[in-house]
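2 protein chains.
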Amino acid sequence: MSIQAIIFDAYGTLFDVYSIGALAERLFPGKGAAVAELWRDKQIEYTRLRTLSNTYKPFWEVTQDALVFCCRKLGLPLTLDAQTQLMGQYAKLQAFPENLGVLQSLKSEGLKLAILSNGNPEMLDAVVRAAGMDGLFTQVLSVHSVQKFKTAPEAYQLGPDMLGVAARDTLFVSSNGWDICGAAWFGFRTFWVNRSAAPLEELGVTPNGEGRTLDDVRRHVAQQA
Amino acid sequence: MSIQAIIFDAYGTLFDVYSIGALAERLFPGKGAAVAELWRDKQIEYTRLRTLSNTYKPFWEVTQDALVFCCRKLGLPLTLDAQTQLMGQYAKLQAFPENLGVLQSLKSEGLKLAILSNGNPEMLDAVVRAAGMDGLFTQVLSVHSVQKFKTAPEAYQLGPDMLGVAARDTLFVSSNGWDICGAAWFGFRTFWVNRSAAPLEELGVTPNGEGRTLDDVRRHVAQQA
Chain A
256 MSIQAIIFDA YGTLFDVYSI GALAERLFPG KGAAVAELWR DKQIEYTRLR TLSNTYKPFW
316 EVTQDALVFC CRKLGLPLTL DAQTQLMGQY AKLQAFPENL GVLQSLKSEG LKLAILSNGN
376 PEMLDAVVRA AGMDGLFTQV LSVHSVQKFK TAPEAYQLGP DMLGVAARDT LFVSSNGWDI
436 CGAAWFGFRT FWVNRSAAPL EELGVTPNGE GRTLDDVRRH VAQQA
Chain F
256 MSIQAIIFDA YGTLFDVYSI GALAERLFPG KGAAVAELWR DKQIEYTRLR TLSNTYKPFW
316 EVTQDALVFC CRKLGLPLTL DAQTQLMGQY AKLQAFPENL GVLQSLKSEG LKLAILSNGN
376 PEMLDAVVRA AGMDGLFTQV LSVHSVQKFK TAPEAYQLGP DMLGVAARDT LFVSSNGWDI
436 CGAAWFGFRT FWVNRSAAPL EELGVTPNGE GRTLDDVRRH VAQQA
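Chains as they are written, first to last, in our numbering: chain A, 256 to 480; chain F, 256 to 480.
Only chain A is shown next, with the shape it has when bound in the complex (with noise of 0.2 angstroms):
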């Protein structure tokens, strides 16, 4: 059967995070590289570990948390001014430049297509909005209503139950290479928008596809069909 529904993660898939370190480098100059991957690192770390001890808080809490340890390991005061402004980024991030028209043809062709973010609802519906993506997608799906966080099966399966597509029939479209290990292993088909030219993971996954921009994969789903 071919795809019916495509799922996409949000940040660093859909919305460019690059703003973030920029903003980061004028904050904190030199360190602003440094900044960005350590927060991003911990940030994801504290994600898997609150889910695998089910102590869940939801991410805008988890993001603001890692800004502080990230801050406090590199040395570099965090007055609240700058807290404000990093984290406020993440409500306005821009969207890749060819997103918005691959969405739309995806769209046209009879596609669901949705959202499933480790995001917060607020943090969500107010970068869609930043990005003008209002009306879409079918969902926009939070992690938030099963309190776990991915790559628990738990917040994958929030796409079939919300969209009444089978896992088989959905592609699930990330730029983080864990993202489609845990979604493949949940039992979407998957593909790697592979920005960074990264390696693979080496947890036996083999995307069912891989390119390095959204464009790749409207060709990605135009061949399945």
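Please note that a few of the clues may not be correct.
Claimed, not checked - Think about it this way: if two alpha-carbon atoms lie no more than 25 angstroms apart in a straight line, the pair counts; the simulated DMTMM-like pairs of lysine to aspartate or glutamate are:
#1 A:K328 with F:E409
#2 F:K328 with A:D271
#3 F:K328 with A:E300
#4 F:K312 with A:E300
#5 A:K286 with A:E353
#6 F:K328 with A:E292
To be verified - Listed next, with one range per pair, are the computed distances between beta-carbon atoms:
#7 F:G343 with A:P352: 43 to 53 angstroms
#8 F:A453 with A:T310: 19 to 29 angstroms
#9 F:A480 with A:D296: 38 to 48 angstroms
#10 A:T310 with F:A421: 17 to 27 angstroms
#11 A:L331 with F:K347: 32 to 42 angstroms
#12 F:T339 with A:Q340: 42 to 52 angstroms
It is worth saying that the hints were derived from the structure and are not from the lab.
Cβ coordinates follow ideal geometry from the N, Cα and C atoms, glycine included.
On the provided structure of chain A, position chain F as indicated by the hints.
Same frame as chain A, now just chain F:
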């Protein structure tokens, strides 16, 4: 009630992983630190992803997968000989110099001592023997029997189940901040052997005690008696 049992993490807590970085530096001059750090990060990441998705495989294999990824990512050629040497190092790690004396002293006070590690039984047997620690532990517990890595509660549950001592009467000792958080969330008393003077994780957990070496564990236990 006072502490009746002490459970130790293995790698980095009892056994010094420094020699792994030193060997990596000999094999990949100028890159030893980067290899050791990325290898370790990936090893831990893979244990979490496999636990979240119920795709367990033994720590030895996960460690090997992480090494393969690490060298691919850093653009380093991993010969079979280098791989064998690096993996073999895990079987013959030295204990930190203070450990034998501290363990013997704690044991002589009638405390039950155990190891609880992500390592599979074969790895743990080899490293305990190499460090001359045979006979010091009531139990050497591997998560292999529950097929979930730390920080899953099922992994920590091995402690109370196999030692017959409640978590609240057990001190869990680790050099890994994340392990301390998982153990505290599970219900253990915790002591963080913060060998690298790392900042506390921003996860809402404060260990019951903290020090720099295993000698500090002895002092902490004496104070609780």
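Task: Pair hint outcome, K312 (chain F) versus E300 (chain A) [Cα-Cα no greater than 25 angstroms] - done: Judged against 25 angstroms, a Cα distance of about 20 angstroms means the pair holds.
- [ ] Quickly compare the C-alpha distance for K328 (chain F) and D271 (chain A) to 25 angstroms and report which way the hint goes.
- [x] holds, 23 angstroms
TODO: Using the Cβ atoms, figure out if A480 (chain F) sits within 38 to 48 angstroms of D296 (chain A).
DONE: At 40 angstroms between Cβs, range holds.
Task: Distance restraint evaluation - G343 (chain F), P352 (chain A), Cβ atoms, bounds 43 to 53 angstroms - done: Holds - the Cβ-Cβ distance for G343 (chain F) and P352 (chain A), about 49 angstroms, lies within 43 to 53 angstroms.
Open item on the list: Can you tell me whether the CB distance of T339 (chain F) to Q340 (chain A) sits inside 42 to 52 angstroms?
Closed with: holds, 50 angstroms
Open item on the list: Quick check on a hinted range of 19 to 29 angstroms for A453 (chain F) and T310 (chain A), using CB atoms only.
Closed with: Since A453 (chain F) and T310 (chain A) have Cβ atoms about 20 angstroms apart, the given range 19 to 29 angstroms holds.
Open item on the list: Please verify whether K328 (chain F) and E292 (chain A) have alpha carbons no more than 25 angstroms apart.
Closed with: holds, 16 angstroms
TODO: Quickly compare the C-alpha distance for K286 (chain A) and E353 (chain A) to 25 angstroms and report which way the hint goes.
DONE: Violated. K286 (chain A) to E353 (chain A) sits at ~30 angstroms, over the 25 angstroms cutoff.
- [ ] For the range 32 to 42 angstroms, tell me whether the beta carbons of L331 (chain A) and K347 (chain F) fit it or not.
- [x] holds, 39 angstroms
Open item on the list: Would the hint linking K328 (chain A) and E409 (chain F) be met if the CA-CA limit is 25 angstroms?
Closed with: violated, 31 angstroms
TODO: Using the beta carbons of T310 (chain A) and A421 (chain F), state whether their distance is inside 17 to 27 angstroms or not.
DONE: holds, 21 angstroms
Task: Hinted pair K328 (chain F) and E300 (chain A), Cα distance within 25 angstroms - done: With Cα atoms ~20 angstroms apart, K328 (chain F) and E300 (chain A) stay inside 25 angstroms; holds.
Violated hints, in rising order: 1 and 5; the structure is consistent with all others.
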